[in-house]
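Residue numbers (the working numbering), protein chains in the order written: chain A, 331 to 971; chain B, 331 to 971.
Calculated directly from the structure, the hints in this document are not laboratory data. There could be a bad hint or two in this list.
Since the list gives no way to pick one copy over another, a pair counts as held whenever it fits inside one copy or between any two copies.
Claimed, not checked - When the alpha-carbon atoms are kept at most 35 angstroms apart in a straight line, the in silico DSBU-like pairs for lysine-lysine are as follows:
#1 598 x 620
#2 617 x 803
#3 762 x 598
#4 598 x 517
These numbers come from a predicted model, not from an experiment.
Protein chains: 2
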Amino acid sequence: MKVTFQIEGGSPVQIECNAGDNLLELARRANVAIDAPCSGNGSCGKCRVQLVEGQLESLKSRHITDEEYEVGWRLSCSSKVVGDCTVFVPDIASAYQSRMKTADLSSPEEVAIFDHAQKALRESGIVFENRFQALSLEMDAPTPEDTMPDNERLTWAIQAQLGDVAVDIPYAVMVRLAHTLREHDFKVTVKGERRGDRFFCMEICGPEDTDVVGCAIDIGTTTVSMVLVDLTSGRILAKGSSGNGQIRYGADVINRIIEQGRPGGKKKLQDAIVKETLTPILANLCKSAKISARSILRLSVGANTTMNHLLLGVDAQSVRMDPYVPSFFSWEGLLAGDLKLPANPLAPVVIAPNIGSYVGGDITAGTLASGIWDKDEMSLFIDLGTNGEIVFGNRDFLMSCACSAGPAFEGGDISCGMRATDGAMEAVTLDKDTMEPTMEIVGEPGQKCVGICGSGIIDIISELYRCGIINAKGLFVREGRRVKRDAHGMGRFVLAFPEESETGREVSINEVDIDNFIRAKGAIFSAIDTLLRAVDMTVDMIDHVYVAGGIGSGINMRNAVNIGMLPDVEIEKFSYIGNSSLTGSYAMVVSDGAIAKCAEVAANMTYLELSTHPGYMDSFVAACFIPHTDRSLFPSSVQEG
Amino acid sequence: MKVTFQIEGGSPVQIECNAGDNLLELARRANVAIDAPCSGNGSCGKCRVQLVEGQLESLKSRHITDEEYEVGWRLSCSSKVVGDCTVFVPDIASAYQSRMKTADLSSPEEVAIFDHAQKALRESGIVFENRFQALSLEMDAPTPEDTMPDNERLTWAIQAQLGDVAVDIPYAVMVRLAHTLREHDFKVTVKGERRGDRFFCMEICGPEDTDVVGCAIDIGTTTVSMVLVDLTSGRILAKGSSGNGQIRYGADVINRIIEQGRPGGKKKLQDAIVKETLTPILANLCKSAKISARSILRLSVGANTTMNHLLLGVDAQSVRMDPYVPSFFSWEGLLAGDLKLPANPLAPVVIAPNIGSYVGGDITAGTLASGIWDKDEMSLFIDLGTNGEIVFGNRDFLMSCACSAGPAFEGGDISCGMRATDGAMEAVTLDKDTMEPTMEIVGEPGQKCVGICGSGIIDIISELYRCGIINAKGLFVREGRRVKRDAHGMGRFVLAFPEESETGREVSINEVDIDNFIRAKGAIFSAIDTLLRAVDMTVDMIDHVYVAGGIGSGINMRNAVNIGMLPDVEIEKFSYIGNSSLTGSYAMVVSDGAIAKCAEVAANMTYLELSTHPGYMDSFVAACFIPHTDRSLFPSSVQEG
């Protein structure tokens, strides 16, 4: 049997399948992009499609109203194929666009943060230069008197510009040389890399194309972000992001490693990130920047250790199994062609070095971007992602550890969670008496609420706690118009009634959401706590706190402290530094010096394995309260009584 | 509709096709090997298949007897598909074997010639060493106390053996590292290339596999030969040859270049040599040598300029068009993976340098093998192939030119021509009075005649001329039992009547065959003549004549002189040096020094373009007689009157 996907704004896609196949998985297999941040467990309600013809066997979801169900709307993750059918997949183009709009660096605030980080790196002495260049060459055509063959002619022309260099012409250029020279009357552009006293050709094309482009990639467990960069000016040409397609093999790294160990697993997991995630974004970015994929001459990747192994198709079993020794920390030698990425196949892919099984290149790149390696003061760097990673130290030492926080900070694992796109509630205050919310919604003025993004979740939990609506365990202890309970007695707080929301569906946060979040913030705080203890330091010795991650610039640090997520230091010491892995990757793709510096940072960083560290579990259990079982750690946390 | 090929000793192969499709081309498309040295023009009669079911529209051929026709035998080149049908393809396995048996280096004589050439190269100071090696490594497995990641562990182990080298681990090795180390308890072999102060890993495998193998390739316009070589000892592990699959796009280089210029032509011609010719031979050689394809760490190619361009898929139009400037003469940078050859994808493919549009790497490699670059005496080096190439000179200068001889020397273009395999008449004398032949047939004693190979053709024409059976124009002028004429009066000489032959078919040589051959030998001699004149020298100044090519060690030099093919010098001055392109390729794959020397030889060689050289055409016309219009050039040529 087969399923036809009618993609809004695109061509239909058909795929052969069997009865019982999961519709979301089919869509992934068919390379049809459907948003599913919760990894297909039915909790996020993002993967909506509309049945046009035929039947599906679908679980009823609270994300689909009766009226919507009536006209065919289903969650693809909760639908099984029972026969031939056709489904409508809404607005992929605009979904991509909205993703791109909400990508890191999409808001003026994030761009400012990004620019500030780059400026700081320059001030730290990192030179933003690289060895890639485009040469505009004009040659004479061969004549009976001038019978130099094409490759020697090209070599001479390059040497006329660069002086006494050896010129390497690889097959990919050689095979197109004769044709390209003649097509453009011997006036061409050659792009390549200066390698000491050699020039390595990477591309030959017409004279008008002189683009020399890099691509910086941040591969998160949940979200992937990319920027295309002009390697000459450092200017950002395009940016985009999307969910990590591996999510259907597990929301966390452990499940994905297990999946990779099954027969065919290495290829499945690699395809999910390379073919299904990176390739479509990259192709889109090239299109929007109007550059040819072959103009991309270097890529850089900031990703955690597991993501790096899965990306390469390298066996990651040793990452999760005693003695937790991965296949590599740092490794040079990857080419875009090895992964069949839509870029110049000869383009090196720089992988930010990992330093442990659970502190990876995203953190070394992020640490590079944070600048803490250049300071005398003691800094705490916290990357809030599916995994939370912490680095503490200064120019003399750097100590790191990691914990599993889950996707709560990125809007996953939360029933009305979403990324910080249009309609996301990103900040809220509650009137203590009436419990009425005052919300900030991402988007144009008048935008109604669709869901709650990471910073909004921190705010609402903090406000619920401050107003005494929930207790230290996150359970509802006040009643009111916006406090509802379901048949099982589970409480929830309604931020937007159906008539107030954009979608006609209620936006709320319930006790399960709050519990999920408390575990996430507890993991983060206990990791910070354990790391500080390991170096025999205390919270009051922290001079700076840099918070990074997809949670967004809207994060209210005071509220994050209030609920015991971040350490209770003066609020002025906090900075949000955006997607620092992407910022670091950007620096590395543009700057040879940044690559060297990142390697140095990694070499100087010590890794603390929390899972085997005495005291970590106790610290975690103690941190799973609002703000903490030991309230003395959070003197400024308030619950107005 | 479809055709099913029932391959003797193999699995049937089916291919979709259209009415009117040529059966031989279909076979090529379906990768079904059918011998067709005449390039499918119906003259060689080698491409016999037997119709089992359905119909074919076939031209009647003198190569198929009525009885054979009755039971379904057809020439595949002369058959068109008219509907579904099944054809039997005889004994591909044994056909391949017989090809391998008849490969260069298959006879003790050829091996002796080959060994002599290698010995001479060593004596000329060429060191038979290369930088490829297999390292047997034993490592400790990781423990909680020894948490070095896999790639660093490997690097240390390599450095423990080789000292202070940088180790490059490319993706192909990295991706298999974790798994291979653990599969073999951290005892592995790493194969790679020493590059100055670096070691470049190319393969990781179990400890028992330590093969370090090279592959030397001679790509002729008509025939392709290969040897697998142990790169450590220089020992030949396997050898094989077959027809060049490009032959269906033309027997000569010009037609193939034209074909390459058509849409999709670059890929078609490249596939014909890479996928259809080199790949099956190479896979066969690996199987017979019991080595893994990934053990092949270097390849070398001796091929003419056009073959080199077509091999690479590089536009060859400029080779045949004014000003005859090819895309490259020499080029480094090709990897086996670029061509998807069944070898280590990282293995460099060394291409013997071309020096002109029509003097290619087969000639520079052959010149290297001939040793004439190391002598004081004046030597003439003649490579008899589809193209004839001539080099003249000594250690002080080398001058070269080329002419188009056609496939006559390899048994093509001759009605009963065949390669020097079992049943080939390779030498003959005639009784002047009775005209009865005394033949030497390749094979076991008692082997009956099947056809005539190159050396046999020289002999029979020389003998026919000597006995006054043909005149200087190659026309029959005596009658007798063995001299027959067809309905159009065309004469032929019967070497074996049907009842005397192996196949029950007559083996003979006719006036068209003789005319084809005279043109071929005329081209060769006039090229020699023109080259000598260009350097202002004469035949008597020649100290050595080295004859190379697939014509075989059976060549009777005296007869070749007698018919005016080779210059009339003392018979002691002639040496047959076999397939010198393959010999030179062998030297280059084993010896880094040979690669350098070949480049030096190429750099010192001057190229004379005959097609535009005044006097060449006149010389050619004068040479198209037996022995020549100017008999004074051949004082020792005899016609017993």
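Consistency of the hints with the structure:
1. Taking the shortest alpha-carbon separations for residue 598 and residue 620, both the intra-copy value of 31 angstroms and the inter-copy value of 32 angstroms come in at or below 35 angstroms.
2. Within a single copy, residue 617 and residue 803 get their C-alpha atoms no closer than 50 angstroms, and across copies no closer than 69 angstroms, so neither meets the 35 angstroms cut-off.
3. Taking the closest pair of Cα atoms, residue 762 and residue 598 never come within 35 angstroms of each other, the shortest separation being 51 angstroms inside a single copy and 78 angstroms across copies.
4. In this assembly of identical chains, residue 598 and residue 517 lie within 35 angstroms of each other by CA distance solely across copies; the values are 29 angstroms between and 44 angstroms within a copy.
Checked against the numbered hints given earlier, this structure breaks hints 2 and 3; the rest are met.
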